[in-house]
Structure formats: structure tokens, C-alpha cells
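Can you make the complete structure from the sequences, with help from the hints?
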Amino acid sequence: MAKVALKLGDDISTDIIYPGRFMATVLPSETPQYAFADNAEFNAQLKKGEIASGSVIVAGDNFGCGSSREQAASCLKGYDLTIVARHFARIFLQNAINLGLNTIICPDIEASEGDELEITKESIKNKTTGKTFKVTPLPRARQAIIDAGGLIAYTRQRLLKKV
Amino acid sequence: MGMTIVQKILAKAAGKAAVKVGDVVEPAVNLAMSHENGALVINQFMDIYKGTNLEAKVFDPDKIVIIFDHRVPAESSKTATNQKKIREFVRKQGIGKFHDIRGDTGGICHQILPEYGYVRPGCVVVGTDSHTTSHGALGAFSFGIGATEMASVWALGVALNIEVPATIRVEVNGSFPKFVSPKDLILYLIGKITAEGANFKVIEFHGETIRNMSTSGRLTLCNMSVEAGATSGIVPADQETQRYLREEAGVTDKLDMVASDPDASYSEVIEIDVSELTPQIACPHTVDNVKPIREVAGKKIDQIVIGSCTNGRLDDLEIAAGILRGKKISQDVRMLVFPASAKIMTQALKKGVITDLVSAGAVAMNPGCGCCLGVHEGALGDGEVALSTTNRNFKGRMGNPKSEVYLCSPAVAAASAIKGEITDPTKGGI
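The listed protein sequences derive, respectively, from chains P and B. Under this note's numbering, the first residue of the first sequence is numbered 133, with each subsequent residue one higher. Under this note's numbering, the first residue of the second sequence is numbered 4, with each subsequent residue one higher.
Honestly, the hints are just simulated from the structure, not real lab data. You may find that some hints are simply not true.
Below, computed lysine-lysine pairings styled on PhoX-like, alpha-carbon distance capped at 20 Å [claimed, not checked]:
{"#": "1", "chain 1": "B", "residue 1": "294", "chain 2": "B", "residue 2": "398"}
{"#": "2", "chain 1": "B", "residue 1": "398", "chain 2": "P", "residue 2": "139"}
{"#": "3", "chain 1": "B", "residue 1": "60", "chain 2": "P", "residue 2": "293"}
{"#": "4", "chain 1": "B", "residue 1": "53", "chain 2": "P", "residue 2": "293"}
What follows is the structure in C-alpha cells.
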């Protein structure tokens with residue numbers, strides 16, 4: 133069971149997820165402090181540890197649009213959040229998969245903050261409303277990266293096979 | 004079934020006779036570009052080699068480009084230290100295509116790549132910057148990736164698991180009215196198809212307007228294709244591409260003038276006639292919130308920005324200088340001009356363009372990304388409004404979530420500077 137910690141609308145840009153002025157900070161170990169920095173309340177909750185690991189952000193269309201900055205994915209990964217969106221912008225989705233941030237495409241998702249979700253590979257059941265929504269599988273080309281535990285591990289495997 | 008340009012490029016780069024939409028390929032990369040975020044790429048790259056006993060060496064130092072542009076000169080000690088680390092890596096790995104903070108060879112990555120002839124038609128180009136879509140202007144398949152994906156490219160020389168994208172064909176015909184430009188066309192298109200209208204797709208530009216358009220204008224179109232979600236924009240290489248590469252970029256090698264087959268398949272065809280197009284404005288806080296200028300004319304502006312990888316080229320500055328020559332910008336507005344490269348700065352100085360702009364009251368800034376991404380060189384105060392020729396107006400983009408950014412062409416930016424309010428340059432008096 134996972135709780136919806138934040139509900140967002142469409143076109144949430146990487147400038148909202150990780151504002152440009154913090155981009156000099158690059159290491160995945162250091163980026164979480166600036167996650168949603170301009171949403172002071174949510175940022176403070178994250179930093180104080182008030183958002184449980186595995187909590188869910190529910191968003192509309194085109195989550196992660198804009199810049200290719202990988203900090204937008206690593207800062208969320210740092211809190212072990214799950215992102216459920218109607219769909220994602222291409223580069224953000226790829227960055228998330230590469231870093232092992234849990235992203236779920238769910239075109240019909242309906243959920244409010246505080247709702248409890250039961251998430252499986254095939255569907256999301258909103259236990260609070262009783263409604264179930266189908267999950268769209270990630271692009272199949274990405275599965276090998278996910279299975280390897282991220283792109284660094286996957287590339288390492290590829291390099292070693294070459295030798 | 005015929006193939007689109009991108010299908011042909013991907014087939015060739017993956018060593019296949021043909022590919023179709025949805026196929027998964029691993030294309031060889033011809034050019035891999037990074038800027039200051041190279042610091043993160045280096046971190047991830049070194050991580051790949053941990054515990055392998057292999058030497059961490061890039062696949063081909065001649066195919067890697069690193070350009071400092073996002074924070075030049077460094078705005079903080081943290082950035083300066085990142086830039087220092089990158090310089091050391093560049094030296095150690097023998098990366099030749101490196102553009103440091105310099106008044107002769109520096110500039111914005113998306114200007115340096117075409118200017119130095121690094122991008123050729125038919126190439127696969129990746130960059131750790133979403134506006135890497137720009138280089139489709141020269142007939143390359145060019146797209147943005149994240150830092151970890153770039154680290155993988157540096158190690159392997161191929162882009163892993165690329166799905167062949169579908170293509171939207173955009174046919175553009177007619178001649179632009181005076182003071183209406185490629186920027187207005189791309190804003191109009193983004194407004195029409197929305198910020199996600201081309202997600203996971205390529206936008207291929209055709210038609211007489213495109214054939215008659217300079218490479219500078221094509222770069223503007225492909226640059227902002229990503230604002231419609233596109234993986235890339237692309238213009239088929241033609242006589243203008245050859246002219247640009249030969250005469251301006253000094254390229255002498257044979258060019259691979261790849262073109263789409265007549266029976267290539269498109270997911271959508273969009274036709275646009277620009278002869279009646281008016282200046283377009285992207286209003287806060289999404290790039291697809293596009294309105295014809297008459298709906299926002301008169302809006303008071305605090306800061307005007309001309310520059311960026313979208314509209315910081317010589318022709319953009321010349322349009323602005325032409326409008327402002329002998330005039331003064333309003334005392335209620337500040338105007339910042341960022342030439343896209345050192346070369347453009349030099350040309351603009353020689354032609355008197357910079358003199359015209361600074362005489363009118365504009366501030367000539369150093370070539371680079373400037374305030375576009377909200378790091379330095381022109382933050383906005385609470386409640387302030389910017390009018391900018393850059394490519395993004397997301398909340399907080401110019402450094403302050405309590406400000407607003409409107410996007411426009413160089414002609415609109417310059418005309419608006421005179422009264423300090425959004426002004427239509429096509430209406431008399433300019």
C-alpha cells in the first residue's frame with residue numbers, strides 16, 4: 133500500500149521539480165534537498181522525513197517536460213518516491229528508468245492527496261475510492277535496463293561482455 | 004514502404020538495411036555533446052568502471068564535445084570547481100572539441116556545434132541538453148539525453164535501446180510578412196499541437212518557406228521542437244545546408260544529403276501558411292500557451308532579453324538593432340543582449356550592431372546562456388515580467404517563481420523595448 137503524498141496537474145516541468153538555480157549541485161547524493169524547492173511546504177516535508185519511503189506523486193500529462201537535467205529524477209529517487217502520471221515527457225522517463233526511479237504510466241489515474249493506492253504491474257487500485265486503473269507497460273526497450281538495476285549496471289555488463 | 008530521414012539515419016547507424024517505427028536499435032553516435040553537466044556525466048562514467056579492472060576511457064575523444072555555456076563565467080565556487088574538474092578530464096582523455104570560457108571560440112553549445120561544422124547531415128548527435136534538437140536544422144538526427152545515458156555513450160559509443168520514433172510532417176508555405184519570423188512559426192505550431200503533441204516523435208519540416216529559410220531560422224525551428232515534446236526536429240539537408248556548412252562552417256568533406264523517401268509514412272501531416280501569420284507570444288507559464296500578439300499587446304514589461312540558442316544569432320541581433328537604431332529604450336525597462344557565440348559577438352561588433360543596441364540603452368552581455376535558465380546574469384524580482392526571445396517560460400525559469408516570462412521573436416522584443424510594453428512591430432511607427 134502506498135499513500136499519495138502530492139497531487140499535481142499537467143506539464144510539470146523539470147524547472148518545477150528541480151529549479152535551474154540549483155543545477156550546480158549534480159551528485160545524486162546531494163540533489164534530494166532541492167526536490168520541489170519552490171514548493172516550500174512539500175520540500176520541507178521531504179527534508180524532515182515526513183513523507184514515507186515509497187509514497188506516491190500523482191501527476192497528469194507530460195510530467196517532467198523541459199530540460200534534460202537528470203537532477204529532476206535523482207532528487208526524487210533520493211526519497212524513494214513513486215511517480216504515477218497519465219504520461220511522461222521522453223527524456224525524464226528515460227532518466228528515471230536509467231536511475232531506477234519508479235515511474236508508472238497510468239492514463240486514467242484518479243487519486244487525491246492522502247488516498248491509499250495498491251500498485252501492481254498491471255493496475256493501480258485506489259483503495260480510498262475503490263476504483264481500479266490500468267497501467268501502461270513501459271516501452272519494452274527499457275526493460276533490460278530496469279532488470280539490470282539501472283543504466284550504470286547495464287552498461288557495465290555490456291562493457292564486460294565486450295572484453 | 005519508404006523511410007523517413009530519421010529512419011534512414013538510424014538504419015545506417017545501426018548497420019541495418021531498413022528500420023520501421025517502434026523497432027529498437029543501438030545507433031552508433033557520431034557526436035556526443037555536453038556542457039557544464041559534464042561534471043555529472045564524468046561522475047556516472049567513472050561509476051560504470053568501478054570494480055571492472057577496465058581503464059575508464061571514452062570510446063572516441065574526437066566524437067565528444069564539451070562546451071561551457073550555462074554558467075559563464077562561473078557564478079559560484081561550486082560551478083567553478085565543476086568546470087575545473089571537466090577541464091582536467093578533457094585534458095586526460097584528449098578531448099579536442101572543447102570550448103572553454105573564451106572571447107574568441109566560446110559560445111552556446113547549440114551555436115558552436117553548427118558554427119564549427121561539428122554537425123553534418125545524416126549524423127546521429129546526442130547531447131545532455133534538451134535543446135540538442137536544434138541540430139536537426141542541418142539534417143542530422145539529434146536529440147537530448149540525460150547525464151547517465153551520456154556516460155553510457157562515452158563508454159560504448161552507441162546509444163542504447165533507441166526506439167525508432169514516428170514522424171510528424173509539417174508543410175510550411177507562403178512568405179513571412181515583415182517582422183514575422185521563424186520564431187513566430189514555431190510558437191504558432193507549439194500552440195497548435197501543445198507541449199506534448201509531438202512527445203516521442205520527430206517533427207520533419209518541409210515546404211517552400213523552409214526551403215527559402217536560412218540555417219539560422221531552421222535552427223530556431225528545430226531548437227524549439229522539444230517544446231512540443233518532440234524527440235527531435237529535422238529539416239532535410241539541401242542547398243542552403245551545403246552553403247552554410249561550406250561557406251560559414253568551413254566544412255570541406257563530402258556530405259551525406261539524406262532525404263525522406265516520397266512514400267515515407269507519417270503519423271500526421273500539418274499544413275501551415277505563414278503569409279497571414281502575425282507575431283506570436285507564449286504566455287506564462289507554459290510554452291504552448293501561445294496567443295497572437297494583439298491579445299497581449301500593452302502588457303507592461305520589466306526586463307527584455309534577446310539571446311539564447313533560440314534567437315541569439317547575428318540575424319536576430321540585426322533585426323533588433325534595425326528597430327532600435329537611433330532610438331532609446333524606455334527608462335522603465337532593462338534590456339539584456341546575449342550573443343549566442345563569441346564569433347557572433349565579433350561580427351556584431353564589426354557591423355556596429357552592438358553599438359546600435361547599447362546606444363539605445365541595452366546592456367551587451369557575454370556570449371552564453373545568460374539568464375535563460377535562471378542561474379545568473381539577470382534574475383527577476385517578485386512580480387516582475389520578462390519578455391524574452393529564449394525558449395522556456397516555465398514557472399521559476401528565470402530564477403524567480405514569483406515572476407512571469409513571455410516568449411517572443413527578436414523583432415517583438417526590440418519593438419517592445421521602446422515603450423516598455425508588449426508592442427506589435429508589424430503595426431506602423433516602428
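Each hint tested on the structure:
1. B/294 - B/398: Distance of about 18 Å is within 20 Å: holds.
2. B/398 - P/139: Holds, at about 17 Å.
3. B/60 - P/293: 16 Å, holds
4. B/53 - P/293: 15 Å, holds
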